[in-house]
Amino acid sequence: MRTLIRGALIGLALGAAALSACQRQAPTSEEGETSPSNAEREAQIAAETLAALGGPANAEQRAAYEGEFQAVGGIDALGNAEGAWELTLLNDYAQFTRPGLGEDGGIPENRDYRAGGMRVVAGPLTITISQQACSSSGVELPYTAHVLFEGVAYQGCARRGVIEGERPTWASVLPELMPAINTCAERASSTPIRVTFASPLDEGEVLVRVREANGSRRECIVTGGAVSIYEPLSDDDRRNGEGEPEFQPGTSRPSARNCRTVEAAVDRNGAQLGWLIRKSC
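If you number the sequence shown the way the working numbering does, the last residue is 358 and the count never jumps.
Keep in mind that the hints were calculated from the coordinates and are not lab data.
Positions of the beta carbon are idealized from the N, C-alpha and C atoms, including for glycine.
It is possible that some hints are incorrect.
Now the in silico label distances, taken between C-beta atoms and shown as ranges [stated by the list, open to error]: (1) A128 - K356: 17 to 23 Å; (2) R315 - S266: 39 to 45 Å; (3) Q208 - V343: 18 to 24 Å; (4) I184 - D344: 36 to 42 Å; (5) E125 - Q349: 41 to 47 Å; (6) G144 - Q349: 36 to 42 Å; (7) R264 - V343: 20 to 26 Å; (8) K356 - D169: 38 to 44 Å; (9) E137 - G238: 55 to 61 Å; (10) E263 - N168: 22 to 28 Å.
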């Protein structure tokens, strides 16, 4: 299977949209209404999204949505905070990746071409692509992407074609994670620290996993720009993709070790953020 790369998509972002819960009714002798299931939410969101695409596409409109696509949603994209994600839509497979949470995908069904976009179902994913300018973090792409998965609507930007290369990791959106990383670094008692994983949570919180210089591991959660949780982690408590890579903030280059490569990590303007340490064997 082809692997993903962020390429020019760095720093774009996804967003989540969920339906509002039913209004609470006055107490009665009968049981009240229950919240909609993931399947019910997905069905309603999918129906609304499809209706917005308009009628069937003509030949020219259809041509804009044929072939392969690559999409990404980042922490700051479209003002949402569901966490970074990437999508590769091939003719024979679709793969949805959320660093730290794993991959999901499936074989695409026939594409539904509409005047305002294209929709396709691939296993647990419902994917909608529309030809609309989409920009975030200074990067502009010609398509918007909408992915429905487990009752959550992820939004981001897309391009035609797929760039082969290394897989995305939690560090794919490192510049957006730096405010939380710096906040957690100030809490550490033994420095320099290594960040082994970081990801946004719900309601604007950010999780950062830290290994301090003395070897102790901590889970740090930043809420509203301040540390709300800083607690020890056991050796066997690890996230999917944790440690691949590790990040050391600051200008001091980490010491060389066997089976490790060290490269500078920079922001969108080329300013150094720190160092990425990757396994090489």
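Now for the hints, and whether the structure bears them out:
A hinted range of 17 to 23 Å is violated for the C-beta pair A128 and K356, which are about 48 Å apart. Take R315 and S266: their Cβ atoms lie about 22 Å apart, and the range 39 to 45 Å is violated. Judged by the Cβ atoms, the range 18 to 24 Å given for Q208 and V343 is violated: they are separated by roughly 32 Å. In this structure, I184 and D344 meet the distance hint of 36 to 42 Å, their C-beta atoms being roughly 38 Å apart.
For E125 paired with Q349, a C-beta distance near 45 Å keeps the hint of 41 to 47 Å intact. Roughly 38 Å separates the CB atoms of G144 and Q349, a value that falls within the hinted 36 to 42 Å. Checked against the hint of 20 to 26 Å, the pair R264 and V343 passes, with Cβ atoms roughly 25 Å apart. K356 and D169 have their C-beta atoms about 31 Å apart, which leaves the hinted 38 to 44 Å range violated.
The given range of 55 to 61 Å is broken by E137 and G238, whose C-beta atoms sit roughly 19 Å from each other. Between E263 and N168 the Cβ separation comes to about 49 Å, which falls outside the hinted range of 22 to 28 Å.
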